[in-house]
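Chemist: Given chain L, put chain C in place with the hints provided.
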Amino acid sequence: MILNLKNSPLRLLLSKNKTAVFDDKVTLPPFYEGTIEAFSQLGLFLMKNGRREPSIVAAGYWLRKKHLLTIKQQYHDRCNTAKGVAFHIAPGNVDTLFFYSIVVSVLSGNQTILRISNKLTQETQFFIELLADFFNDHKKHDAVYALIHIIQYQHDTDHGHDITLRLSLFADARVIWGGDAAVAEISEIPQKIDANNITFPDRYSVAVIHLENDSEIGNAVNQLITDIKPFYQQACSSPKVIYWLDTAQQLQEKFWLLFIEKTTKQLSLSTSDLISQLVYLQRLPLLLNHPVKNKLNVEKYNELHKVDVEFITLDAIKAHCGLWTLLSLQITTLADIKLFSHCQTVTTSGIDVSIIEQWQQSAKLAETAKRFVPAGQALTFSHIWDGIDLIDSLTS
Amino acid sequence: MNWEQLITLPVYQLNQAEKMPLFNQQLVELAHYHYQHSENYRDIIDFLYQGKLPEDEVPALAVRLFKHHLLKSISTEDIFRITTSSGTTSQQVSQIVLDKENALRQQKVLATIMKQWLGGKRLPMLIIDHPKVIKNKFSYSARGVGIQGMSLFGYDHTYALNEDMSINIGAVSQFIDKHKDQKIFIFGFTFIVWQYFIQKLKEKNTQLGIADAVLLHSGGWKKLQDKAVSNQTFKSQLNTVLGNVKVHNFYGMVEQTGTVYVECEASYLHCPIWSDVIIRKKSNLAEEEKNGIEGIIQVNSLLPTSYPGHALLTEDLGIIIGEDNCQCGKKGKYFQVNGRLAKAEMRGCSDTQS
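From first to last, the protein sequence lines stand for chains L and C.
The first sequence begins at 1 in the numbering used here and counts up one residue at a time.
The second sequence begins at 1001 in the numbering used here and counts up one residue at a time.
No wet-lab data here; the hints were simulated from the structure.
Hints are all accurate, no fakes.
Taking CB as the label site, the calculated pair distances span:
id : chain 1 : residue 1 : chain 2 : residue 2 : range
1  : C       : 1203      : L       : 133       : 49 to 55 Å
2  : L       : 162       : C       : 1199      : 27 to 33 Å
3  : L       : 4         : C       : 1169      : 47 to 53 Å
4  : C       : 1228      : L       : 330       : 52 to 58 Å
5  : L       : 162       : C       : 1284      : 41 to 47 Å
6  : L       : 188       : C       : 1007      : 50 to 56 Å
7  : C       : 1078      : L       : 360       : 50 to 56 Å
8  : C       : 1281      : L       : 4         : 52 to 58 Å
Calculated pairs, DSS-like style, for lysine-lysine (alpha carbon to alpha carbon, straight line, at most 25 Å):
id : chain 1 : residue 1 : chain 2 : residue 2
9  : C       : 1281      : L       : 306
10 : C       : 1343      : L       : 265
11 : L       : 265       : C       : 1281
12 : C       : 1343      : L       : 318
13 : C       : 1067      : L       : 318
14 : C       : 1282      : L       : 306
15 : L       : 300       : C       : 1052
16 : L       : 306       : C       : 1052
17 : C       : 1282      : L       : 265
18 : L       : 306       : L       : 254
19 : L       : 119       : C       : 1227
20 : C       : 1282      : L       : 300
21 : C       : 1200      : C       : 1178
22 : C       : 1223      : C       : 1343
23 : C       : 1067      : L       : 293
24 : L       : 72        : L       : 140
25 : C       : 1282      : L       : 229
26 : L       : 306       : L       : 265
27 : L       : 119       : C       : 1223
28 : L       : 338       : L       : 295
29 : L       : 295       : C       : 1052
30 : C       : 1281      : L       : 229
31 : C       : 1235      : C       : 1202
32 : L       : 119       : C       : 1222
33 : L       : 318       : L       : 295
34 : C       : 1202      : C       : 1227
35 : L       : 229       : L       : 265
36 : L       : 306       : L       : 338
37 : C       : 1052      : L       : 293
38 : L       : 119       : C       : 1343
39 : C       : 1281      : L       : 300
40 : C       : 1246      : C       : 1115
From a predicted model like this one, the values you see are computed outputs, not experimental measurements.
Beta carbons: idealized from backbone N, C-alpha and C, even for Gly.
With the rest of the complex left out, here is chain L (with noise of 0.2 Å):
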C-alpha cells in the first residue's frame, strides 16, 4: 500500500529530496548487514563530527558495530520479518530520544515515519543536519536512508488531526513517547486493525547512593552529574530521588561540595526556568505535607536544589519539572526504599551488585521498577525500555 501525503501540510526534514509518499513494501530484513554497516558507520561519523554535543557522540558510541551485533545475537531465532510501516512520535524533552526511536525501528527492518516537535532545540537540528550530510554523502547506505523519515506538521489542527490519523491507520506499529496527556490523547486516535501500539506513559527515576570513604566521593559525584544534567533533569530516566543508603553525614556533605565546585557555571536556568523551579520548591511543602507532617529542610548547591524529606508522596513526584531539584532521603537499608508503581529507572552507587539482585528479586519491587543500571547510566538508551523490547513489537 502507498500512502501519498503529498498534498497534506507537513514538513520533511533530512532532506530535499525526499518525499511524503510512504510505501509498506519498502522494508528490510531485521538486522539486515547493509543496517549493521550503515548505522556503524554513521556512529563513527557522529562521534567524529558530533564532538561539540556530548549526546550526539553518546549516540555515536551506541552505534559501534560492536553493540548493534550484541544486539543482534539476542535475537537470532526469532523476529524474522519487519512489522512493516512504524509511525513514532518523539518527546521534546530528551533532544536525542528520536533518533534511538528510528535506529531501533530501522535496525528492525521498518519503514520508519518520525513526527518531531515543532519547536526543535539547536541540538536537535543539528542532529538532524548531521544525519542528512552522512546519508547524503554515502549514497551506499540509501537502502537504509530509504527507510528514515523525520516530519513535521501541526497536530493540533484538523490538518494536523488528519495526517496523525492516515499515518496512524496506515502504519503496523505507532510509538508513542511523551507521557500520559500525549499517550492517552493519541492512543484514541484508531489504528489499522493488528497494528501494535506501544506507549511511554510518565515515568521517574530514583538513585541510590552508599558512601564508605572519601574515595568514593569524585565517582559518585561525576555520576550523578552525568544522570541529571542533560535535558535539565526532565528525561524520565534522571533520578528525581537520591537515598542515601546508611551514608555519613560527614561524606555527604563532602559529596555536596564537590558537586558544587563541578558544576560552578555548568547549570545554568533561563528566566522562565527559573521561576518555574521557584513553582515547584513553594509547592513543595503543600505537596509533601500530606497525610502527616514531613520535616523538610532545603539546600542550593549552585542551581541545584537538594530538599531533605522524611517520606515522598505522589503528588511531589508528580509535580516534579526537572530542573535540578533532587528530593533526599536516608535510609537505612534497601528495604526502606518505597516505589511509586510509575517507577521506572534504580540507579546504584557503591553497592554490591548481589546485594541489588538481592534486592531486585523481592516481590514488592519487581511490580515498580523496571530498569537497575549503575549509576551515571540513567540516559543510557536502551532497546528495552520501560519493560518493553523495542525489537520484539517492532518485528514479526
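Modeler: Frame of chain L; chain C shown alone:
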C-alpha cells in the same frame, strides 16, 4: 491595619520618603498576619526561610501558585466569593479566596483609583463586550469581574457587542446619540476593543465622532504584540474611528484585584498608594536596585487579607522608569509592562504535543 485611615490617603501624591516607610511597615505586618493565619503560607515560609519570615524582605509567592493551590487566610465558612482568572479550558485558572471584607475593600480601592481618572460622577458607560460574559454569580471569570467592577463607575450600561462578537451598531449609535452632550466612559479588554470594535468599525469605514470620552482598557498586549500593534497605533486608530477619546491602559491581575496601575498621559503606569512594584533580575530573580532595567515584575499590595497574595512574583516583564518625577506630575513609582515572559520551553515529559 487600619483601613479607615489607609483608604483616606491620596492616591498619587505621596513621594518616596512619605510613602515607602509607611507602606513597608504595613506590608511586613500583613506578611506576619498571613504567616499566622494561613497554614500553607506558613509551611512555604518555614520551608524556604528556615522557620520564620525573613527580616530584610517580604517574600513573594509565585503567582502561578494560585493555579495549583487554594491558598487562604480565613476559615472556609468565611469564604464570600472565589474569583478565578480567565483561561481556556486547557489552562488551569487561578483561584482567589475572598471574604466579604476583602471583596468590599477591593471595590473601594478600585473606586478611589478610578475617581482619579473618571472624575467623581458616574458616567454613561459603553462596554465593549457582550452582556452574556457575566454569568455565574459565585465564581466570576476575570472578564466578568473586570466588567462587573467597572460597571460601578457608570450608568446606562450599554454593551457594544452581540454574543457572536459582532458590533451591535444600533445600540452603539443610540447610546452615543443619547449622551452626545456629556462625557462618556468606555471600557473593554484591550484585544477585544482592538479586534472586535476598532478594526470592525474601520473595515466598515464608520466613524463614531464621539465628542468627549474616556476609554479604559486592560488585559495585556500579548495578542496585539503578535500583530505588531503598538500602544501608539492603538491610540491613533482608536481616535480616528471613535473621535475625541482619552485612552488609558491599565495593568492589574485577578490575584490582586483593586490595586490597578493606570497609564497616565505620558503613557506610563502608576503605582497607587496601596501597592508597590519591584523589578527582579532575569538572571537570578534577585531584586533589581536600579531603575530602567527590564526584569520580572513583582507586585506588592496591602489589600489581600483573606488570601496570602500581598507579594506576588508575576510572569510579566517590565521596567521601572522612575519615582516621583513623571512628567504627568503624579508621585510614586511609574513603570511600563513589556509583555509576558516567553513561556518556558516545554521540555517536560509531556511535550510530544508541542
